[in-house]
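Protein sequence lines correspond, in order, to chains Y and V.
By our numbering, the letter at position 424 of the first sequence is numbered 424, and the numbering carries on one by one without gaps.
By our numbering, the letter at position 132 of the second sequence is numbered 132, and the numbering carries on one by one without gaps.
It is possible that some hints are incorrect.
The list treats identical chains as one, so a pair stands whether inside a single copy or across any two.
Said to hold, decoys possible - The calculated DMTMM-like cross-link candidates involving lysine to aspartate or glutamate, where the alpha carbons are at most 25 Å apart (straight line), are:
{"hint": "1", "residue 1": "LYS445", "residue 2": "ASP259"}
{"hint": "2", "residue 1": "LYS248", "residue 2": "GLU414"}
{"hint": "3", "residue 1": "LYS498", "residue 2": "ASP412"}
{"hint": "4", "residue 1": "LYS17", "residue 2": "ASP393"}
{"hint": "5", "residue 1": "LYS171", "residue 2": "GLU291"}
{"hint": "6", "residue 1": "LYS11", "residue 2": "ASP66"}
{"hint": "7", "residue 1": "LYS141", "residue 2": "GLU103"}
Please keep in mind that the hints were generated in silico from the structure rather than gathered at the bench.
Model, not experiment: these values are computed from the prediction.
Number of protein chains: 2
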Amino acid sequence: MIRYQNLDQTKGFSQLKELAIPSVVEHFTKENLESQSIRAGADLTFNYAGKGINQALLSALQALADEQQVIDKYELLLSGEMMNTGEKRKVLHHLTRAQQAGEVLFHNENLRHFYQQQQKRFSDFANKVHTGEILGSTGKKITTVVQVGIGGSDLGPRALYLALQNLYLSKLEAKFISNVDPDDAAIIIDSCDLERTLFILVSKSGTTQETLANRNFVLEAAAKQQILNFIPNKHMVCVTSQTSPLAKDDSYLVSFFIDDFIGGRYSSTSAVGGVVLSLAFGSDVFDELLEGAADADAHARHRDIAQNAALMDALIGLYERNIKGYPSTAILPYSQALSRFPAHLQQLDMESNGKSVNRDAQLISYSTGPTIFGEPGTNGQHSFYQLLHQGTDIIPLQFIGFSRSQCAVDYDFEGSTSQTKLNANLAAQISAFVLGKSEPSNLNKNFAGGRPASLLYAPQLSARTLGALLAHYENKVMFQGFLWNLNSFDQEGVQLGKVLANEILSNKADATIMHLFGLLEG
Amino acid sequence: MIRYQNLDQTKGFSQLKELAIPSVVEHFTKENLESQSIRAGADLTFNYAGKGINQALLSALQALADEQQVIDKYELLLSGEMMNTGEKRKVLHHLTRAQQAGEVLFHNENLRHFYQQQQKRFSDFANKVHTGEILGSTGKKITTVVQVGIGGSDLGPRALYLALQNLYLSKLEAKFISNVDPDDAAIIIDSCDLERTLFILVSKSGTTQETLANRNFVLEAAAKQQILNFIPNKHMVCVTSQTSPLAKDDSYLVSFFIDDFIGGRYSSTSAVGGVVLSLAFGSDVFDELLEGAADADAHARHRDIAQNAALMDALIGLYERNIKGYPSTAILPYSQALSRFPAHLQQLDMESNGKSVNRDAQLISYSTGPTIFGEPGTNGQHSFYQLLHQGTDIIPLQFIGFSRSQCAVDYDFEGSTSQTKLNANLAAQISAFVLGKSEPSNLNKNFAGGRPASLLYAPQLSARTLGALLAHYENKVMFQGFLWNLNSFDQEGVQLGKVLANEILSNKADATIMHLFGLLEG
Numbered sequence: 001m002i003r004y005q006n007l008d009q010t011k012g013f014s015q016l017k018e019l020a021i022p023s024v025v026e027h028f029t030k031e032n033l034e035s036q037s038i039r040a041g042a043d044l045t046f047n048y049a050g051k052g053i054n055q056a057l058l059s060a061l062q063a064l065a066d067e068q069q070v071i072d073k074y075e076l077l078l079s080g081e082m083m084n085t086g087e088k089r090k091v092l093h094h095l096t097r098a099q100q101a102g103e104v105l106f107h108n109e110n111l112r113h114f115y116q117q118q119q120k121r122f123s124d125f126a127n128k129v130h131t132g133e134i135l136g137s138t139g140k141k142i143t144t145v146v147q148v149g150i151g152g153s154d155l156g157p158r159a160l161y162l163a164l165q166n167l168y169l170s171k172l173e174a175k176f177i178s179n180v181d182p183d184d185a186a187i188i189i190d191s192c193d194l195e196r197t198l199f200i201l202v203s204k205s206g207t208t209q210e211t212l213a214n215r216n217f218v219l220e221a222a223a224k225q226q227i228l229n230f231i232p233n234k235h236m237v238c239v240t241s242q243t244s245p246l247a248k249d250d251s252y253l254v255s256f257f258i259d260d261f262i263g264g265r266y267s268s269t270s271a272v273g274g275v276v277l278s279l280a281f282g283s284d285v286f287d288e289l290l291e292g293a294a295d296a297d298a299h300a301r302h303r304d305i306a307q308n309a310a311l312m313d314a315l316i317g318l319y320e321r322n323i324k325g326y327p328s329t330a331i332l333p334y335s336q337a338l339s340r341f342p343a344h345l346q347q348l349d350m351e352s353n354g355k356s357v358n359r360d361a362q363l364i365s366y367s368t369g370p371t372i373f374g375e376p377g378t379n380g381q382h383s384f385y386q387l388l389h390q391g392t393d394i395i396p397l398q399f400i401g402f403s404r405s406q407c408a409v410d411y412d413f414e415g416s417t418s419q420t421k422l423n424a425n426l427a428a429q430i431s432a433f434v435l436g437k438s439e440p441s442n443l444n445k446n447f448a449g450g451r452p453a454s455l456l457y458a459p460q461l462s463a464r465t466l467g468a469l470l471a472h473y474e475n476k477v478m479f480q481g482f483l484w485n486l487n488s489f490d491q492e493g494v495q496l497g498k499v500l501a502n503e504i505l506s507n508k509a510d511a512t513i514m515h516l517f518g519l520l521e522g
Numbered sequence: 001m002i003r004y005q006n007l008d009q010t011k012g013f014s015q016l017k018e019l020a021i022p023s024v025v026e027h028f029t030k031e032n033l034e035s036q037s038i039r040a041g042a043d044l045t046f047n048y049a050g051k052g053i054n055q056a057l058l059s060a061l062q063a064l065a066d067e068q069q070v071i072d073k074y075e076l077l078l079s080g081e082m083m084n085t086g087e088k089r090k091v092l093h094h095l096t097r098a099q100q101a102g103e104v105l106f107h108n109e110n111l112r113h114f115y116q117q118q119q120k121r122f123s124d125f126a127n128k129v130h131t132g133e134i135l136g137s138t139g140k141k142i143t144t145v146v147q148v149g150i151g152g153s154d155l156g157p158r159a160l161y162l163a164l165q166n167l168y169l170s171k172l173e174a175k176f177i178s179n180v181d182p183d184d185a186a187i188i189i190d191s192c193d194l195e196r197t198l199f200i201l202v203s204k205s206g207t208t209q210e211t212l213a214n215r216n217f218v219l220e221a222a223a224k225q226q227i228l229n230f231i232p233n234k235h236m237v238c239v240t241s242q243t244s245p246l247a248k249d250d251s252y253l254v255s256f257f258i259d260d261f262i263g264g265r266y267s268s269t270s271a272v273g274g275v276v277l278s279l280a281f282g283s284d285v286f287d288e289l290l291e292g293a294a295d296a297d298a299h300a301r302h303r304d305i306a307q308n309a310a311l312m313d314a315l316i317g318l319y320e321r322n323i324k325g326y327p328s329t330a331i332l333p334y335s336q337a338l339s340r341f342p343a344h345l346q347q348l349d350m351e352s353n354g355k356s357v358n359r360d361a362q363l364i365s366y367s368t369g370p371t372i373f374g375e376p377g378t379n380g381q382h383s384f385y386q387l388l389h390q391g392t393d394i395i396p397l398q399f400i401g402f403s404r405s406q407c408a409v410d411y412d413f414e415g416s417t418s419q420t421k422l423n424a425n426l427a428a429q430i431s432a433f434v435l436g437k438s439e440p441s442n443l444n445k446n447f448a449g450g451r452p453a454s455l456l457y458a459p460q461l462s463a464r465t466l467g468a469l470l471a472h473y474e475n476k477v478m479f480q481g482f483l484w485n486l487n488s489f490d491q492e493g494v495q496l497g498k499v500l501a502n503e504i505l506s507n508k509a510d511a512t513i514m515h516l517f518g519l520l521e522g
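Chain Y extracted, bound-state conformation:
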């Protein structure tokens, strides 16, 4: 029997609150670096020796996970239960990479087969574009693909594209238009040879204001160029749901489908990310990414938290949020290729768990999702790390690192390569945050330490590793939602702004709001 109860109704949380808080400094030992380490899927490892976790805490976290039945809830989700309670929808992004549980049927359709079928369709399509079987409307080979989408249709696919473009030979260059700011579309379109460009229009509902405005922008800009025999719609494919207005428009080259059971921020492994990544790198690279994600999903089914990296990460995050009271978490990848990965995680986490009501829409009285931010190291070291080291608030840290670089171009300088310097800095920062350094004679140079830091690491940022990294965080966020008793799969908080924007555009908003708009319009 599955129970849904708020965090503050659990015995586990009461017990957790009564435990002594272990020292972060004291638990950062060679022994814990060995033992507090969990395989996270593919070749990714999660190490939490810098988080100050002792045996009593581990037992309490395990008890809380058991009491909140997080693995049972994950299994239910995999089996097709309606876990998006607000919108009364299944949550099936795991099925886009592999079937972890039984078959999921909906109106007699096997949804795993549906996702696989779409994946096969866009793989074939990408292959045909690569071989030149599919050409632009004026007979030229496609060299550039532009994803037009916003939020989940942009941040995840963009972060993944940037993460892979050093390691894999690009078959096509990918670009992205997201913002309704006209400068975003104008600059990207201006940089493209339209006869050799394919646009991917991504909107599940087919009604996203920004994406429809940008579709129109592309069509108008193309028309203005007056290219002989150019048919703009034949340079556009759609990724949308079968019931959307876009799906009914057969003037596009082709449409690929998702459904309401794939939330935007969880959609990178569906056609939302798959079409652009398959076009950019080939479907074999996308397949590797899916394999990595599926492996992380499988690891996340362990009931033993010592074998479940995503769940351990989730529980430590809860401990830091609800017991230690820390309001933010920094994501610090030591890889320039992950430059936009923190922005994707910011959406994934803050949009999923930035909620004040539980899954039954009842008000809760404990803190939920933290503020997520981050930039790649070592860049951040020369920026906001000052506050992380010596600020008045403690901010828990999540480091990500790799043994090898992607480009395999490196040089020795003063006895070490750049990659070795990068990893020396990563290890140094974790140590500095955790251990600190006492300087009583000059407090300006004093480092209190005790800043908790975890590390996700792998030999190299490959497609497989990236898939596991992506799924690790998706599953972490899902587990935290179960622990907090939230619905992590809707986003009602984005609705009011949309309504008001439309009221302003139709001149129906109240006088104060119209006045503010008037100031802006000048």
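Based on these hints, arrange chain V on the given structure of chain Y.
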């Protein structure tokens, strides 16, 4: 007589704590939208009608500003007083754009003249590159400039370059290498025609590990290409201090100088930003940026907070941090061109005021600099805004908007242009955050409101406006430092990591740290 006292020693802070906290919702009126508006320099306006500020609070904030003598301290800083107490240095970034106060002499040198002289030198240099009087070492015209620097030598100049590249015809394309991750340099160098590329090496100390490694990387990669008659050092200019090891190396094409009185994160208007921006856009555009910054600096000298946007912004930030207890602040520019401006402000603010000791290195017991993060709107609306609207923590918001776009390419769709949609969204979001919308029958759709939001806006993001925007935030951060009694101009918190990284590289760190490094190295 100037007094330096901690915030919690002031009468003003005690009085502030005793005031009733006004409702944010109730104060968001048409009248306040008119009256709670301050010119911020150039054509920039700061509006705080969404911040919930009433007359009693305004008086208390003015009293606190007066008691902490923030304007007197700003004047002292301008006059060349040693305001960077930890490092015993003057703080003279204002002098790079215009002399707001009297002459500043140091060892009989007039420092305003020194900065002006450097500015003239790099203006002339940029003009010669543009006219072709200066060519690459193999006789080809320079088309690309690559800034090699990290932290303050990267984030500000990069954000400003991106902010201006739509509006001004680029004379040269600019690129940036910052991270010690070898993939960062490898990808950028690979994308350059080295015979037509000029590298700008930026390090004040001339000892920055990442920048020296990347210099070496450029030289090695260039040597590998074996270009006939190519002299790598003749494709490199330096921006450094006159006493640095780099300045002693005359193998470079030319060196431009800054000094210890210009902190990295405040250096965008010095040669650190000036060389790359003058090369990219021409010195007239950089001059306009300086004019805008100087105008904001002049506005910041008003003692009356109702006429001093930067000081008002600083005081409201303090009120939100120390009275309301909010730990983060989001920066939300509704302009894709400002995509990296939040990353610059993240450094500016968090590195300046992320401190736990006062200017005399004594421990303080109140909160200082908040966590700063942000992404452009409308993108963020489809991402982390869910938490901003309905999360359990309140996060104060700073919006930035412009009436006109930069590219002047726009289309009507469903009755409005993209730019109008952008501004309708901006006005809608401020209203939604501040006013909320009650939905007692379904709390999942309930918006509590009361999320405080301010707005900086201007007709267009020009170089002049951008200069004012940059200086507004520099001055805001400086004023908060004075209010908190901090030294906002050093960054001791970045030192320990550097020391430990070097210990690791020379195999001298302790066993636990070396073990962690070993895990990473694989």
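Do the hints match the structure? See the list:
1. When the C-alpha separation of LYS445 and ASP259 is checked against a cutoff of 25 Å, the pair qualifies only between copies, where the shortest distance is 23 Å, while the shortest distance within a copy is 55 Å.
2. Taking CA atoms no more than 25 Å apart as the test, LYS248 paired with GLU414 passes between copies only; the shortest distance there is 19 Å, against 62 Å inside one copy.
3. Taking the shortest Cα distances, LYS498 and ASP412 sit within 25 Å of each other only across copies (19 Å), while inside one copy they are farther apart (53 Å).
4. In the homo-oligomer, the alpha carbons of LYS17 and ASP393 lie at most 25 Å apart both inside one protomer (20 Å) and across protomers (21 Å), since each shortest distance falls under that limit.
5. Taking the closest pair of Cα atoms, LYS171 and GLU291 come within 25 Å of each other only inside a single copy of the chain (21 Å); across copies the shortest separation is 46 Å, beyond that limit.
6. Taking CA atoms no more than 25 Å apart as the test, LYS11 paired with ASP66 passes inside one copy only; the shortest distance there is 11 Å, against 52 Å between copies.
7. In this assembly of identical chains, LYS141 and GLU103 lie within 25 Å of each other by CA distance neither inside one copy nor across copies; the values are 40 Å within and 64 Å between.
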